[in-house]
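4 protein chains.
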Amino acid sequence: MYCLETYVSLIYTKRMVNIAIIGFGYWGPNLVRNFSAVKNCTIHTVVDFREERLRIVRQNYPNISTSTQIDDVMSNSAIDAIVIATPVFTHFELAQKALINGKHVLLEKPMTSSVAEAEALIELASKHQKVLMVDHTFLYTGAVQKMKQMIELGVIGNVQYFDSTRINLGLFQPDVNVLWDLAPHDISILNYLKKEKPFSIQATGISHTKNNIENIAYLTVNYTSDFIAHFNCSWSSPVKIRMLLVGGDEKMIVFNDLEPTEKIKVYDTGYSHKTDEEKNKILVDYRVGDIYIPKVESKEALAGMANDFISAITQQTTPVSNFESGLEVIRILEASQQSIKANGKEIKL
Amino acid sequence: MYCLETYVSLIYTKRMVNIAIIGFGYWGPNLVRNFSAVKNCTIHTVVDFREERLRIVRQNYPNISTSTQIDDVMSNSAIDAIVIATPVFTHFELAQKALINGKHVLLEKPMTSSVAEAEALIELASKHQKVLMVDHTFLYTGAVQKMKQMIELGVIGNVQYFDSTRINLGLFQPDVNVLWDLAPHDISILNYLKKEKPFSIQATGISHTKNNIENIAYLTVNYTSDFIAHFNCSWSSPVKIRMLLVGGDEKMIVFNDLEPTEKIKVYDTGYSHKTDEEKNKILVDYRVGDIYIPKVESKEALAGMANDFISAITQQTTPVSNFESGLEVIRILEASQQSIKANGKEIKL
Amino acid sequence: MYCLETYVSLIYTKRMVNIAIIGFGYWGPNLVRNFSAVKNCTIHTVVDFREERLRIVRQNYPNISTSTQIDDVMSNSAIDAIVIATPVFTHFELAQKALINGKHVLLEKPMTSSVAEAEALIELASKHQKVLMVDHTFLYTGAVQKMKQMIELGVIGNVQYFDSTRINLGLFQPDVNVLWDLAPHDISILNYLKKEKPFSIQATGISHTKNNIENIAYLTVNYTSDFIAHFNCSWSSPVKIRMLLVGGDEKMIVFNDLEPTEKIKVYDTGYSHKTDEEKNKILVDYRVGDIYIPKVESKEALAGMANDFISAITQQTTPVSNFESGLEVIRILEASQQSIKANGKEIKL
Amino acid sequence: MYCLETYVSLIYTKRMVNIAIIGFGYWGPNLVRNFSAVKNCTIHTVVDFREERLRIVRQNYPNISTSTQIDDVMSNSAIDAIVIATPVFTHFELAQKALINGKHVLLEKPMTSSVAEAEALIELASKHQKVLMVDHTFLYTGAVQKMKQMIELGVIGNVQYFDSTRINLGLFQPDVNVLWDLAPHDISILNYLKKEKPFSIQATGISHTKNNIENIAYLTVNYTSDFIAHFNCSWSSPVKIRMLLVGGDEKMIVFNDLEPTEKIKVYDTGYSHKTDEEKNKILVDYRVGDIYIPKVESKEALAGMANDFISAITQQTTPVSNFESGLEVIRILEASQQSIKANGKEIKL
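Chains as they are written, first to last, in this note's numbering: chain A, 1 to 349; chain B, 1 to 349; chain C, 1 to 349; chain D, 1 to 349.
No lab work stands behind these hints: they were computed from the structure. Any given hint could turn out to be false.
Derived lysine to aspartate or glutamate pairs resembling EDC-like cross-links, with alpha carbons at most 20 Å apart [said to hold, decoys possible]:
1. 146/B x 290/C
2. 265/C x 259/B
3. 240/D x 257/C
Coverage of chain B stretches by chain A, computed from C-beta distances (three or more under 8 Å per stretch; other residues unrestricted) [claimed, not checked]:
4. 202 to 211
5. 231 to 238
Quantities reported herein were computed from a predicted structural model and do not represent experimental measurements. We put the beta carbon where it would ideally sit given N, CA and C, even for glycine.
Construct the complete structure from the given sequences, taking the supplied hints into account.
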């Protein structure tokens, strides 16, 4: 004898979720490939306004329908969920329409163009009791999962700082600046690893193009505690760097995403505060110890994200990369833009 | 037949400069070793209040006098110049006394604790017609000289940004924050490479110690042009990084000071602005080309600095690392401290 | 008016080449993908004895026929050429059958299990006037092409040595040792870059398995000149290294295949011989200069190989990776095996 | 109440050992600096035939006598021990004279020019009951000590191979080839880490100079077990590599001596043999796990060596870098030279 909840869950578990994917550009093929492999999930239709992109879908996935019309999927009652992989400025309108039509929604990062839009979608999802999720793929990587686990277990002690560098020769985006393009990855990781809510931010940056969109930007995130986070983002660096330092008072972690296998290094290094007694003396004791490079899962992160979305639908689980996480990222990005335009003014969150 | 100026110069050239060095701590031995090798220069006396430090001097350099009394050298008319390698907070008083006593002065970096002090010393040096110089050793490295040369020759095109990371597990200084400790190197390089005067700065940072001295700090320097400079300084990083990016629109330079031989890499990479015609399109064209690693002089930079100081005295040359350079560094450091304490407020310079 | 040869060539140019691919294991999908994109080429059939592999072909390439029977393609007159991507020990028999049936043949590396087999195939190809080619893909990489060009232009001077390290945690092959598995890449590069014929070889190695197949092996190749080549191959290294040094007396090249973009570094470094006059003195002068990292083509090497094979058929060009190159590799591998089993005895080639 | 042995030991402990150092070239200053700091040891005299080198000694160490005459120290009964830091070809004659004169002897590496010489010195030392030691400094590094400890504790399991690469742009030595110059370091480490006696060697190499002295050479050392060691030495590499792999069936160690702090990496990686049952199948199972970078002592290795020599004299301890170790190195070097000249012939040891 089952209780009702279990019963519903069982029904859901058996049920197949039909999804549509809107947008088959750079990221679309990865979404199709990964959702194809999810149990309980069928890709019903792929939508793109470019016929030549749809041809590629049909060639590789003869069982998937294609369409150039968004309304084909919005109004189709056979479709349970919509994955939106289009430019950011279209996210709100598409997600709104999908939720109103009773579809679960997965949005590519960043969630929306503004906090107001993100909040409106969240309200709508709540009203219609639909899953609303943002694809912050990085949260599903073995590296981030390992860091999360170490922090939760207290391995690195009190987390004191977060320092991210994500720079390379990047495509100058025509509509969003380098922070909107590159920082969502690291901001979502920050929010995932550090439970404390940020208090304020300052951002600076520069545009070397006529459209006044920053190609280099720096962001500091402040907290009421003595934790600090900093982000260095650039489309104009001749070298590619993907490095994140997470400092605890017991251990420190270096996450170098360009390392093929040794992505995470844990330094058994910390410092302890001496008493204040000796005035004018250095008040800190260092310890430099062993380094440990844990083996991290190398399975594709996007597969984890796709499964998490389908589970959220069929089993009412809370996804790792949920809408709150998505909203927090937008909140920081929006504030950053204000700060840059106000010459680095502190913006309270 | 010589004109008077040449004549004086010739006399000076022949004359031996007698110097005293005050402070024989961490850097003192390097100063003694390098000044010992300068032609036309004799180290007359080393002063330190710690007798055990002076014993080391006598053991290794039997011909150098030692003293625990500063006045021994201040009042000694045989001494032409004084090198001050003591904690920053003592710089002003010692340099002032030396200048008043008619001595040329070389100060270790940073020059003074405040802009007011630095300006007072500059005025004093001018009044007494004495050389006042600051030891920004990095300016004499083969790497910085090579970058200077490339920029002057227009090799990298229009210089667009400067991005410095200088982080490691560092000694927490008891009296100055991490910017005062680590940033002078890179700020002096910035001022040397980029002629334009900075317009304003913003700085953020955090202290993990009870004395409220920042061990992690970030600094953005703004200009009226579209040039930007950023500094990331930390005493709390498990990894040591000494990296400087100098981006031009023709080429970009990466200066990695931890590379034993390949310190400078020049990337034949740049981007050009397309016309605005195509609206909503990416307005930048990239070029990724060859990379070039020039051989840089590996001679000791401090030797160049020591010679430059003695030349400035004997031949009235303007040293590379002159007092203006020293003052500019203090101006930025002082403003940074104000900015950090005002939660990252923009400070005009 | 054309002469006959041109005429035939023109016909060939227009004609479509129908190929069959035997073996759809690890490398097969890459072959199918690349040959699909070659102009003038159609993949007619893929053969594999594993039905589950063929299912993947049909799913992704509905226009390609599949078969579990080799004779289906051998006897099919619509098929002009056969690509053989099966285990080495089957190469001879399959290629022999294909040539006898009037097909052009492309063999995966290494060409055959023995020199005798390779020579027999070459004779057969000559008799039937068919193209016989070996897929040494590396020869088509931008890096190897750049090295070839520099050597041909005399940029690095007189080539003096070749030093290859190809080690990692590798799959222990059940039938061939680590040299047969890993060295063909570098031996084919050696033969391509250095025209001189090798004179003799010595090889040493060890097996840590019961089947007595070496998992670590070292090979020296000697020449009548003072050129030398050495290969270090291992399936048992915890670190992955893919490094090749090519030393000239004018410049030296380092080819690091694990570098994502900076694969080739050219060191402006060399040494010149002093005269013998000063006896017992060092007779060599060093020069250490700049380093240069040329941009190398990053297009897929296998595409170049596939095109080269089809050109050889349609336009009678000599492929870069021709049967002579294939034979030379086998000659060295066979001798290496003899040498290892004879405790490192020198084997004349 | 002490037993006699303890009593003698106590006397010795108190006694000061007077040493002379012959040869003040490249390594001499390091020896003087380190022996100066050894308790119970006084440097009595430094001998060098170059007066300008002795001047440097007197300037820096006024208490040390200097002489250009070897006999001054050989015949001086106040001198207990002689450190010989001269070219290899002079080692035998100087050490022989010192032992006959009743002095303890420390020889720089390599010990002598031949096995016969090394054996003669060992016999002489035994006859005169004097300490005879060879300075294989590397054995005293934190990295080698850590590897030794891990191997002794069984941490890496059964040791299966040793693979050393020591290449760079090196000074061409006028009298010895690159193996005699560079390999002693790694051969002494090999002998220290692996107790089993080597069975035979093969060596190959090439000379690019007229004096026929090899500047590139390769050496394989064979054992009756399935252990193998290989050495790659070159004076002609544009890149500097100092890397040693030590493979066990439980773990593998990478010792990269160019890493400033992370010299040793321990890979929790190994392979286990499957049973032979499945014929024609891969018989090995891999395991890839965490990596561990132990903190290694960073104190100067030469200090440990100097103390070990003085302890051997005063307390009759057996030094880590003893004459047996020195002899084994010479045995392998001498055989290598024979092998190279005989075209890589296997030489039994």
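A quick look at each hint next to the structure:
1. In summary, the hint linking residue 146/B to residue 290/C is supported, as the alpha carbons are separated by about 12 Å, within the 20 Å threshold.
2. A C-alpha spacing of about 16 Å is found between residue 265/C and residue 259/B, which places the hinted pair at or below 20 Å, so the restraint holds.
3. For the hint pairing residue 240/D with residue 257/C, the CA-to-CA distance comes to about 18 Å; that is within 20 Å, so the pair holds.
4. Three residues within the 8 Å Cβ limit are the bar, and the stretch 202 to 211 of chain B against chain A gives 9, so the coverage statement holds.
5. Counting residues of the stretch 231 to 238 of chain B whose C-beta sits closer than 8 Å to any C-beta of chain A gives 5, which meets the bar of three, so the coverage hint holds.
Taken one by one, the earlier hints all hold for this structure without exception.
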